[in-house]
Each structure stands twice: as C-alpha cells, then as structure tokens.
Amino acid sequence: MRIGFIGLGNMGRHMARHLIHAGHLVTVHDTRPEAAAEHLALGARWADSPADCADGAELLITMLPTPRIVEDVLLRGGAAEALPPGALWVDMSTSTPAAADRVAADVLDGRGVRRIDAPVSGMARGAEAGALQIFVGGADDDFRIALPVLEAMGDPDRILHVGPVGAGYTVKLMLNLLWFSHLVATSEVLAMGVKAGVDLGTLRNSLLASPASSSFIEQDLMSVLADGDYDDSFAMALACKDLGLAVDLGRDLGVSTELSALVEQIYRRSKAQHGELAGEMSPVRLYEALVGQEFRLPNPAIEPADATLAV
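Its first residue numbered 25, the sequence shown is counted upward by one per residue in our numbering.
Please note: incorrect hints may appear among the correct ones.
[Claimed, not checked] Derived CB-CB ranges, DEER-like:
#1 G278 to D253: 36 to 44 Å
#2 M246 to P108: 46 to 54 Å
#3 S234 to V279: 22 to 30 Å
#4 D164 to G316: 54 to 62 Å
#5 T55 to A122: 32 to 40 Å
#6 V213 to D276: 29 to 37 Å
#7 T226 to L301: 18 to 26 Å
#8 P322 to D130: 21 to 29 Å
#9 A233 to G316: 24 to 32 Å
#10 D164 to P322: 47 to 55 Å
Bear in mind the hints are in silico, worked out from the structure with no lab data behind them.
These numbers were taken from a predicted model, which means no experiment stands behind them.
Where a beta carbon is used, it is the ideal one built from N, C-alpha and C, also for glycine.
Kindly generate the complete structure, drawing on both the sequences and the hints.
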C-alpha cells in the first residue's frame with residue numbers, strides 16, 4: 025500500500041520503520057529532515073512538505089504532538105487538499121474529536137476522503153517492539169482497510185475498534201486521565217504510609233495483595249521504586265497537554281472534572297518544578313519531597329508477600 029507518514033518523533037519513527045519492513049511503499053515527512061535518515065536508508069521516500077507526503081497516498085498517517093499541529097499539517101500544510109479522493113486518513117495522534125471534525129468539515133468531506141482516529145498506547149518501548157495498543161474510531165469498512173497497516177505497528181490482539189469516528193480519541197484520553205490520576209493517588213498513599221513509619225516494601229506488598237492492587241502498582245511504579253526512572257520517554261509537557269485535553273473534553277460534555285482538574289494542577293506544578301522534558305512520572309518527586317526521602321526499594325527483585333487483605 026502507498027502510505028504517507030507524517031511525524032517521526034519518539035514513537036513515530038519506530039512505527040514508520042515497521043511499515044517499511046512490512047513491505048509498504050512509505051513516504052515520510054517531519055519538520056526535522058534528519059529524523060528520516062534511517063527510513064530513507066531502508067527505502068522510504070522523503071517528502072519536502074505535508075502536501076507532498078499526502079499526494080498520491082492511499083493511506084496517510086499522522087503521528088503528531090498536539091491537535092493544533094494536526095490541524096496545521098492537514099489544513100495549512102496542504103495535506104488534506106493533496107489527498108486523492110477515496111484515500112484514508114489515519115490520525116494516530118493523541119488529539120480530540122473536535123480537531124479532526126474541523127479538518128473533515130473544511131476539506132476532507134468535500135473531497136471524498138475517509139478518516140479514522142487510531143491513537144496508541146505503549147510509549148516508545150511499545151512502538152519500537154511493534155507492540156502498541158491501538159484504539160480505533162471509525163466506520164467498519166475503514167477499520168478493515170486500515171487493520172493490516174495497524175497490525176504492522178501494534179499488537180494484533182490489542183487493536184480495538186472502539187466505536188465510530190472520534191471514539192478512539194476519547195478512549196485514549198480517558199486511559200491517560202486514569203493512569204495519571206492513579207499515579208497521583210498512589211504517590212499520595214506512599215507518602216502518607218512512609219511518613220507514618222511503614223516500610224515502603226511492606227506497604228507496596230500490602231497494596232499488591234489488596235483489592236486496590238493494579239498493574240500500575242505492580243509494574244509501572246517499579247521503574248521509580250527500583251531504578252529511580254521517572255520515564256523520560258514521555259515528557260511532562262505532553263502529559264500536561266493530554267490532561268488538559270481530557271479535562272476540556274469533560275467540561276464540553278457537561279461532566280464534572282473536579283478530580284481530573286486537580287490531577288492536572290499537580291502535573292502542572294511538577295512540570296514547573298522539574299521541567300517540560302522531565303519524565304511523565306515526575307509528580308512522584310513532589311511527594312518524595314514532602315516526606316524528605318526518595319521512594320526506593322532496597323531489594324526490588326523480592327516478590328510481594330503472599331497475603332490477602334479485604335477492604
């Protein structure tokens with residue numbers, strides 16, 4: 025398939041590479057031409073502009089940082105006008121239904137270009153391994169057309185068709201909102217427990233053995249507890265952007281966002297203290313500062329105690 029791919033960042037560069045390896049005819053574009061060096065070496069074609077990347081493509085993928093940039097690329101960058109009738113636009117950015125709707129209303133609908141939203145989860149590690157989880161919003165026929173392409177970048181068992189156009193964006197924003205909320209709540213719990221004198225390892229084992237256990241506590245948090253790694257593969261600037269989009273969506277829908285807005289506020293405080301490029305788990309550091317010590321396990325390889333708790 026002739027595929028245009030715009031956005032060769034931390035995740036997009038891996039995703040485009042998988043498409044080339046899968047045998048697709050891939051044309052790439054990024055604001056940094058040097059980001060395409062590995063793709064050109066593998067046989068991809070370079071496009072000097074978004075419009076050039078979209079010209080003649082059967083399927084155009086965008087993997088971009090913000091909804092505004094998505095609109096800029098499609099509208100002001102000329103990609104939407106350059107797509108041939110019958111082409112399929114697959115936006116894999118973490119964006120909003122409203123941004124894509126504006127692009128469709130301004131250009132795509134009148135040209136007979138179809139679209140799906142397919143934001144991803146799995147961070148750079150998942151993109152590099154070709155094991156992303158992908159949430160797809162769009163018509164059944166368009167999902168079937170895109171599926172072989174998506175399977176080259178993601179885990180086939182975790183590519184979920186979650187509803188009509190826009191549903192993929194919504195599910196991804198809700199997933200991120202819950203994950204960030206979980207991080208803040210868990211950090212607060214650890215801070216209180218440690219401040220009260222409970223051993224950190226004992227506290228974590230108790231949480232794991234309880235109904236409050238989660239994959240976040242079992243897996244994600246261990247990057248901090250074991251290695252002091254706050255995951256700089258996803259920057260605080262992007263985390264705050266995603267939280268802002270989720271809170272705005274809730275308000276637009278008339279849903280209370282009191283908790284979500286507080287989580288966003290804590291994330292923005294961490295970004296101000298630790299920097300825009302700090303890792304997405306940096307808010308843990310706010311709570312470490314409150315208790316005057318880092319949250320580190322001395323023997324992180326030890327399995328949690330076999331216990332059953334009830335709430």
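Against the structure, the hints:
Taken as a hint, the range 36 to 44 Å holds for the pair G278 and D253, whose Cβ atoms sit roughly 39 Å apart. The hinted range of 46 to 54 Å is satisfied by M246 and P108, whose Cβ atoms lie roughly 48 Å apart. Between S234 and V279 the C-beta distance comes to about 29 Å, which sits within the given range of 22 to 30 Å. For the hinted restraint 54 to 62 Å between D164 and G316, the CB-CB distance of approximately 56 Å keeps it satisfied.
In this structure the hint that T55 and A122 lie 32 to 40 Å apart at CB is violated, the actual value being about 24 Å. In this structure the supplied range 29 to 37 Å holds for V213 paired with D276, their Cβ-Cβ distance being about 31 Å. Checked against the hint of 18 to 26 Å, the pair T226 and L301 fails, with Cβ atoms roughly 34 Å apart. Taking 21 to 29 Å as the suggested C-beta distance range, the pair P322 and D130 does not conform, at roughly 58 Å.
Distance hint for A233 and G316: a CB-CB separation of about 28 Å, consistent with the stated range 24 to 32 Å. Separation of D164 from P322 is about 53 Å and conforms to the stated range, judged on CB atoms against 47 to 55 Å.
Going down the numbered hints, you'll see the structure goes against 5, 7 and 8, while the others check out.
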